Amino acid sequence: MPILEIKNLTKNFNDFKAVDNVSFSLEEGEILGFLGPNGAGKTTTIQMLLGVLSPTNGEIIFFGKNFKNHREDILEEINFSSTYTNLPGDLTVKEILTYTSFFYNIRDRKKRIGEIKGLFNLEPIFKQRVSELSAGQLSRVNLAKSFINFPRILLLDEPTSSLDPEVAKYIREFLLEERKKFKVSILITSHNMAEVQEVCDRVIFINHGRIIANDTPENLAKSIETSHIELLIKDGLKRTEQYCLENKIKCRIKGRYLNIDIEERKIPEFLEDLKIKKIFYDEISIQKPTLEDYFLETVSKTNKGKRHETA
Amino acid sequence: MKLHRIYGITLRYLYLFRHNIDKLVDIFYWPAIDLILWGITTLYIQSLETGFSQVVVMIVSGLIFWQVLWRGQIEITINILEEIWNKNLINIFATPLKFSEWVTSFIILGIIKLVVGFSFISSLAFLLYKVRIFTFGFYLLPFIFLLLMSGWCIGILVGALILRFGTRIQNLAWSLPWAISPFSAVFYPVSILPAWAQKTALFFPTSYIFEGMREVIFKGTMDAEKLIISFGLNLIYLALSLFVLRLSFNKILKKGLIKVY
Numbered sequence: 023m024p025i026l027e028i029k030n031l032t033k034n035f036n037d038f039k040a041v042d043n044v045s046f047s048l049e050e051g052e053i054l055g056f057l058g059p060n061g062a063g064k065t066t067t068i069q070m071l072l073g074v075l076s077p078t079n080g081e082i083i084f085f086g087k088n089f090k091n092h093r094e095d096i097l098e099e100i101n102f103s104s105t106y107t108n109l110p111g112d113l114t115v116k117e118i119l120t121y122t123s124f125f126y127n128i129r130d131r132k133k134r135i136g137e138i139k140g141l142f143n144l145e146p147i148f149k150q151r152v153s154e155l156s157a158g159q160l161s162r163v164n165l166a167k168s169f170i171n172f173p174r175i176l177l178l179d180e181p182t183s184s185l186d187p188e189v190a191k192y193i194r195e196f197l198l199e200e201r202k203k204f205k206v207s208i209l210i211t212s213h214n215m216a217e218v219q220e221v222c223d224r225v226i227f228i229n230h231g232r233i234i235a236n237d238t239p240e241n242l243a244k245s246i247e248t249s250h251i252e253l254l255i256k257d258g259l260k261r262t263e264q265y266c267l268e269n270k271i272k273c274r275i276k277g278r279y280l281n282i283d284i285e286e287r288k289i290p291e292f293l294e295d296l297k298i299k300k301i302f303y304d305e306i307s308i309q310k311p312t313l314e315d316y317f318l319e320t321v322s323k324t325n326k327g328k329r330h331e332t333a
Numbered sequence: 006m007k008l009h010r011i012y013g014i015t016l017r018y019l020y021l022f023r024h025n026i027d028k029l030v031d032i033f034y035w036p037a038i039d040l041i042l043w044g045i046t047t048l049y050i051q052s053l054e055t056g057f058s059q060v061v062v063m064i065v066s067g068l069i070f071w072q073v074l075w076r077g078q079i080e081i082t083i084n085i086l087e088e089i090w091n092k093n094l095i096n097i098f099a100t101p102l103k104f105s106e107w108v109t110s111f112i113i114l115g116i117i118k119l120v121v122g123f124s125f126i127s128s129l130a131f132l133l134y135k136v137r138i139f140t141f142g143f144y145l146l147p148f149i150f151l152l153l154m155s156g157w158c159i160g161i162l163v164g165a166l167i168l169r170f171g172t173r174i175q176n177l178a179w180s181l182p183w184a185i186s187p188f189s190a191v192f193y194p195v196s197i198l199p200a201w202a203q204k205t206a207l208f209f210p211t212s213y214i215f216e217g218m219r220e221v222i223f224k225g226t227m228d229a230e231k232l233i234i235s236f237g238l239n240l241i242y243l244a245l246s247l248f249v250l251r252l253s254f255n256k257i258l259k260k261g262l263i264k265v266y
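Chains as they are written, first to last, in the numbering used here: chain U, 23 to 333; chain F, 6 to 266.
Source of the hints: derived by calculation from the structure; they are not laboratory data.
Since the model is a prediction, treat every value here as computed from it, not as a measurement.
We treat Cβ as the ideally placed atom computed from N, Cα and C, and that holds for glycine.
Keep in mind that a hint or two might mislead.
[What the hints assert, rightly or not] Calculated from the model, a selection of chain U residues having no Cβ within reach of chain F, i.e. all distances over 10 Å:
| # | residue |
| --- | --- |
| 1 | 37 |
| 2 | 86 |
| 3 | 123 |
| 4 | 270 |
| 5 | 283 |
[Claimed, not checked] Quick list of in silico lysine-lysine cross-link-like pairs, DSSO-like style, CA-CA up to 30 Å:
| # | chain 1 | residue 1 | chain 2 | residue 2 |
| --- | --- | --- | --- | --- |
| 6 | U | 132 | F | 204 |
| 7 | U | 90 | F | 103 |
| 8 | U | 270 | U | 244 |
| 9 | U | 205 | U | 256 |
| 10 | F | 7 | F | 231 |
| 11 | F | 260 | F | 103 |
| 12 | U | 326 | F | 260 |
| 13 | U | 270 | U | 260 |
| 14 | F | 103 | U | 39 |
| 15 | F | 264 | U | 139 |
| 16 | F | 103 | U | 29 |
| 17 | U | 326 | U | 299 |
| 18 | U | 116 | F | 28 |
Construct the complete structure from the given sequences, taking the supplied hints into account.
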């Protein structure tokens, strides 16, 4: 049974449909990426899951219980962190963790706060006011706060976006470790596609409030047919360019380098043709499509579709 | 309602009090300045008009009791504003904390700060003008409680309006209580108001409270009728203001304003 089930979730702001009949589920111990361009409906969905925004329609079921009727029980077992959320600037990190811990039914609050302090390396900033923290430190405190109640489900809205690469890497590893140890389920939004590909078991792609895709990051990336090839042409750069034009292959030339976007299945044929035309190259690198390629292509396609719809 | 959650949210506001000098200024500085200025002014008036021997007691006690209402009101409104200024509503309502627990914490804080503030200003009144508030007996206590209740009503109502319409109307936090003060007969009897204002004053529990308090102070008697009417009006207004606050909260949940706040 899924740990979280969303059925036909809809949010309208007057005539604007921010979330349009969205349904998906999250399994225990699963890390689910929730992707989409800005304004796609990701944060709106997360807010509805946290109960801070009322849905227009639809049902949210956590642990088999309807959110509407079991708000307190459910929020006791879930938590969230968002880079875009402020914390009271006048309070110290210790005070924020302390008062927040009282919102939950935690047995030994002092011990838990001590653990959190260690896990997120908060010792140097523990007695500092939030207003004195850098964006990265604030993100770390936000994340630390989200673990205070041993959550079974974590909703993370771009949790690493303002962290330096080293801390972001630590957080990714930490999330994977928590999942492994405690079977924590995580719904994560991020614009860092490499991060999503690294940590997520599955990805839901949303645009204009609608789910466009729901699959593993690998399968989504595979659904893009175009690969990217870079060649260092030794001899025959002009002829290669001509060849690309004739065969309607998108190409860019930079110095002796030729970059082309070509369907993966056509790569052998393309390389064979170069050989026949006696075009020689020194280096070749073939980049398979990534989740980022999928993201860009899908956003472009769905935006075009939306424009047609509104026209 | 869970006690640990009420404690948690109360703690959040008490921490604020620890760090924020403005809060200390609210409790000690302004009431002290009011008391000193008005006290000296009334002493001067008394020295000119020998017939008004009780004028100091009337003005000073009015000032002290106005502080009760003010403290009850401002505590609620400022704490709501604090959450909006800090954009912290999402952090507290994405937890199991209930709306009723949040409101309860305001009332607890109001009582704590009232005890501190009232003790301070009463002691200061005694030190400066030899006005002993409790020599008038414990008949005053129910009126003090009713004043606090009136403060809660205004505080909750103003908080609800700010939640609904945003910080562009935040000035109401400081101005609305003063708008009702002319009808509350803080420093004078209702009978000197113009006829229309006397009729308006009938709808304000504060007018019965201040009139009742003056009777306790000057005649040593307690008018039970005034006590009951003001209590009844307070109950109605408290229920109404809580209802309006809940409506405003539902509205921000519907409009997604918690993220903005």
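Checked hints:
Look at residue 37 of chain U: its CB is around 14 Å from the nearest CB on chain F, clear of 10 Å, so calling it non-interface holds up. Against chain F, the non-interface label of residue 86 of chain U holds: every CB pair exceeds 10 Å, the least being about 18 Å. Against chain F, the non-interface label of residue 123 of chain U is violated: not every CB pair exceeds 10 Å, the least being about 7 Å. With a cut of 10 Å on Cβ distances, residue 270 of chain U stays outside the contact zone with chain F, its closest approach being about 46 Å.
In this structure residue 283 of chain U is separated from chain F by more than 10 Å, as the shortest Cβ-Cβ distance comes to about 39 Å. At most 30 Å may separate the alpha-carbon atoms for a hinted pair to count; residue 132 of chain U and residue 204 of chain F exceed this at roughly 57 Å. Of the pairs offered as hints, the one joining residue 90 of chain U and residue 103 of chain F holds, with about 13 Å between alpha carbons and a cut-off of 30 Å not exceeded. Restraint check: the Cα-Cα separation between residue 270 of chain U and residue 244 of chain U comes to about 22 Å, which is no more than 30 Å; the hinted pair holds.
Between the alpha carbons of residue 205 of chain U and residue 256 of chain U the distance comes to roughly 54 Å, so the proposed pair goes past 30 Å and is violated. The suggested pairing of residue 7 of chain F with residue 231 of chain F is violated, with an alpha-carbon distance near 36 Å, which exceeds 30 Å. For the hint linking residue 260 of chain F to residue 103 of chain F, the alpha-carbon distance of about 19 Å falls within 30 Å, and the restraint holds. Simply put, residue 326 of chain U and residue 260 of chain F have alpha-carbon atoms about 28 Å apart, close enough for the 30 Å limit, and the pair holds.
The straight-line distance between the Cα atoms of residue 270 of chain U and residue 260 of chain U is roughly 15 Å, inside the 30 Å bound, and the hint therefore holds. Between residue 103 of chain F and residue 39 of chain U the CA atoms are separated by roughly 29 Å; this keeps the pair inside 30 Å, and the hint holds. Restraint check for residue 264 of chain F and residue 139 of chain U: the C-alpha separation of about 27 Å stays at or below 30 Å, so the hint holds. Under the criterion of a C-alpha separation no larger than 30 Å, the hint pairing residue 103 of chain F with residue 29 of chain U is consistent with the structure, at around 25 Å.
A hinted pair counts as satisfied when its Cα atoms are at most 30 Å apart, and residue 326 of chain U with residue 299 of chain U does not qualify at roughly 39 Å. A C-alpha spacing of about 21 Å is found between residue 116 of chain U and residue 28 of chain F, which places the hinted pair at or below 30 Å, so the restraint holds.
In this structure, the hints that do not hold are numbers 3, 6, 9, 10 and 17, in rising order.
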